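Visitor: In case you want the letters, here they are:
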Amino acid sequence: MVAGLLLGGFYAAVSLGVSLIFGLLDIANIAQPAFVILGSYAAYVMNRSFGLDAILTGLLFTPVFYVLGAVVYRLYYESFERRGEESLRGLVFFFGVLFIIEVSLSLKYGVDYRLVEAAYIGKSIDLGGVGIAFRLLVPCLVGLAMTLALHLFLSRTFYGRAVMAVSQDRLALRLMGADPVRIKTIAFGVGIAAASLAGALLITIAPVVPSTDRDYIGRMFAITVLGGMGSIAGTLVAAVILGVAESLMSTFFGPSWSLAVSFGILLVALAVRPAGLLGR
Amino acid sequence: MARSTRTLLVGLAVVGAGILLAALRVNPYVYFAGYVILQYVVIATAWNILGGYAGYVNFGTPAFFALGAYTAVFLIQSTRAPLPVLILAGGLVSGLLGLGIGYLTLRLRGVFFSIATLALSIVLQTMIINWEYVGGSRGLSVIRPSGPPFGSYVTFLFAVMVLLSVVAVTVARFIERSWVGRGLAALRDNEEAAECMGVPTLRLKLFATTVSGVLLGVAGAPFPYYVTFVEPTSAFNLDYAVNALAMPMIGGTTSWVGPVIGAVLLGTAQQLATVTISSEMNLFIVGVVLVAFVVLAPEGIVGLVRRVRGR
Amino acid sequence: MAPALLEVDGLTKRFGGFTALNGVSLDVTPGERFGLIGPNGSGKTTLINCVSGALPADGGRIRFEGRDITAVPAHRRTRLGIVRSFQIPKPFTSMTVAQNLAIPLEYAAGARSDGADVAAEAMEILRTIGLESKAHTRPAGLTQIEMRKLELARAMAAKPKLLISDEAMAGLSSAEIDDILAILFRLNERGITIIMIEHIMRAVMRFSERIVVLDAGERIAEGTPDAIVRNPVVEKAYLGE
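These protein sequence lines are chains A, B and C, in that order. The first sequence begins at -13 in the numbering used here and counts up by one. The second sequence begins at 22 in the numbering used here and counts up by one. The third sequence begins at 23 in the numbering used here and counts up by one.
Bound-form chain A, shown alone:
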């Protein structure tokens, strides 16, 4: 149960990118999990070659991932968004990106599980009779910090507020003197940068293989939809709900059913949303 709560904090970190890019910008970036895994592998390589702490790598690589995100968005914009053909082809584009990233990692690093080592992994602290592994606690705390940071970014900074505006009213944005495309580029970049750190957290919690990204597709989108598209606070709440639900499921039915939980929550969340073509 406690593990579920901690997992929730981590899941929030992982889902922030989707919450931002899909929830606010309405871009169906299904490649997000692949970027997270890319972050995991970056952390692995740095850890293995230089002994760098995973989370530190995650932080260091955020600018790199930001640029990567900006480039990907520009490509997407030029090829699809500008021509008004986002739907079918944009989706296929992102799937292609997901695929290419995953397979490239397979080619380079094979399909063995990779993990990182850090001083705190394997240790735990005792809080009120419950043993909490640092392996889970640290990512959860970092995840919470990320969530708070993103929330502050969106509500307090100029660019953050511009992103909120772009999700609601492009005209208002123009009147603010900002270029919607530039704002979206920044937001997309931030979303991918978040993946860098999230990936580092992921590999801290558990070993990864290139196909691990697919486990997270359902989770990320379930959390984003359940939390209310684009609400950062909602993302956190939904993430915790999912984390707890998964651990309960895992305790009673075994770990392999945890993915069914996120899928089930995704379907339920979709069913409960207002229906209709114009509904959002």
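In case anyone wonders, no lab produced these hints; they're calculated from the structure. Each hint should be verified, as a subset may be incorrect.
[What the hints assert, rightly or not] Partial chain B-side listing against chain C, Cβ under 7 Å, derived: (1) 200; (2) 201; (3) 214; (4) 221.
[To be verified] Have a look at the derived ranges for each label pair, beta carbon to beta carbon: (5) 157/B <-> 250/A: 49 to 57 Å; (6) 97/A <-> 289/B: 25 to 33 Å; (7) 42/A <-> 165/B: 53 to 61 Å; (8) 116/C <-> 109/B: 29 to 37 Å.
[To be verified] Short derived list, chain B residues pointing at chain A, Cβ under 10 Å: (9) 80; (10) 316; (11) 324.
Just so it is clear, the structure is predicted and the values come from calculations on it, not from any experiment. Just so you know, even glycine gets a beta-carbon here, dropped at the ideal spot from N, CA and C.
Mind docking chains B and C on chain A? Use the hints.
Guide: Quick look at chains B and C alone, frame taken from chain A:
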């Protein structure tokens, strides 16, 4: 009417050619590879009925394919049912899956359907892994029935797949040219306008999803007999997901011709390549080609040909 | 007085915390030329979306030819005879102009039998509206006014009893506006009831027999064009925004 009769004759001719090829008992590799390519003709055609005609992207092709395969495994284990029954059952079950997923998500924007299908494969794979009766994660050996026509069971399966691909393409062509196809095209072009012009969009979408699911299940049903050892990793292989997208996208999504061209071209290329490059490299190349086509030539080969001919 | 063709009764629609329509009621009599005006954001398009079925209402009822259609899906309403055109044209881009008309002819008007009949009817409609030379062109090759005409032609192909024209004239030149207006008058002469939503006042005033004015989701005035023009409440709504 003349046109329908002609189509029927062409279809029968192709099936006849396939049977002839099977009877000739050429190099067995032809049948092994031919089966895979024809399987992809069915898969690509099935995908395109929903993806190309209606504009709804299914990323979960492995789920539907594997469900057809595992339905067959279940029936083989429990009743030793003959191949035609396996095929019908596989189609039925996958069709129901399509209907179910469609019913849950098609009232919403298309992207939610796609996301649901993306998550679907993993979930279904997890469930199959936990189901010992069909082999679980270890897999299951399946014994082919004895005394197959043409001497070898693989050759027989090849002939069966010729028939199935003709059926699939005929179904796709029929839909494309009917009022259903026109309605699907309208909803693909602009769903809101289509609905307001009297097109029952939800019903047509459910129809397309179900037919697509049926054909994918049909493609998967003979799979256990083809591989003889069925395990989740191969049945749910990512190959199916990316090829089901790439083949129609490369060939062209607006007509039945595109998936066939894409499947034959890409399928043959992959069969030739498996001996020279690793399967991951193969997937990587397919991924790159897919992205290249979707960015640069979204109308596929059919579209390019049309443009060259000056339409 | 003839029974109403369309009755909107206490229609309410909310988007999150924002109330777009607040208990709006109106009646349209058969064969009428009905104008619907109001400042930007007053809820006109939302009202039309609810009447056509594109949006589900949060409250109130809609009756067409005496029958409650509040729960009827949009495509069925089109078949019953409620047809709308779109403010921003939404043509079927992969089809020719004639094929665009074939869709409502086949689906809404029930002419599903013979391919040749549909094609001939489509050409007939295009002739009426002046688009027959573009019958085999894709929408990408049309000018702005031709697109608007295509919207109307498509609506005509659905054989409407009630046609809702949503700002069909925005951004057009004076001559083009007269062109569209003439088409709408002709349709009305054939017995089609028309609801016109417009910002171009001279068009609405010339066309409408009766006008309803919306502001901030509520009905604030109703009457003949002359009465509306002189109505101080209406003036305040337009000037005070």
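Visitor: None of the hints should be skipped; say for each whether it holds.
Guide: Evaluation of the provided hints:
no. : hint                        : in the structure
1   : 200                         : holds, 5 Å
2   : 201                         : violated, 10 Å
3   : 214                         : holds, 4 Å
4   : 221                         : holds, 5 Å
5   : 157/B <-> 250/A: 49 to 57 Å : violated, 22 Å
6   : 97/A <-> 289/B: 25 to 33 Å  : holds, 27 Å
7   : 42/A <-> 165/B: 53 to 61 Å  : holds, 57 Å
8   : 116/C <-> 109/B: 29 to 37 Å : holds, 34 Å
9   : 80                          : holds, 6 Å
10  : 316                         : holds, 5 Å
11  : 324                         : violated, 12 Å
The earlier numbered hints that this structure contradicts are 2, 5, 11.
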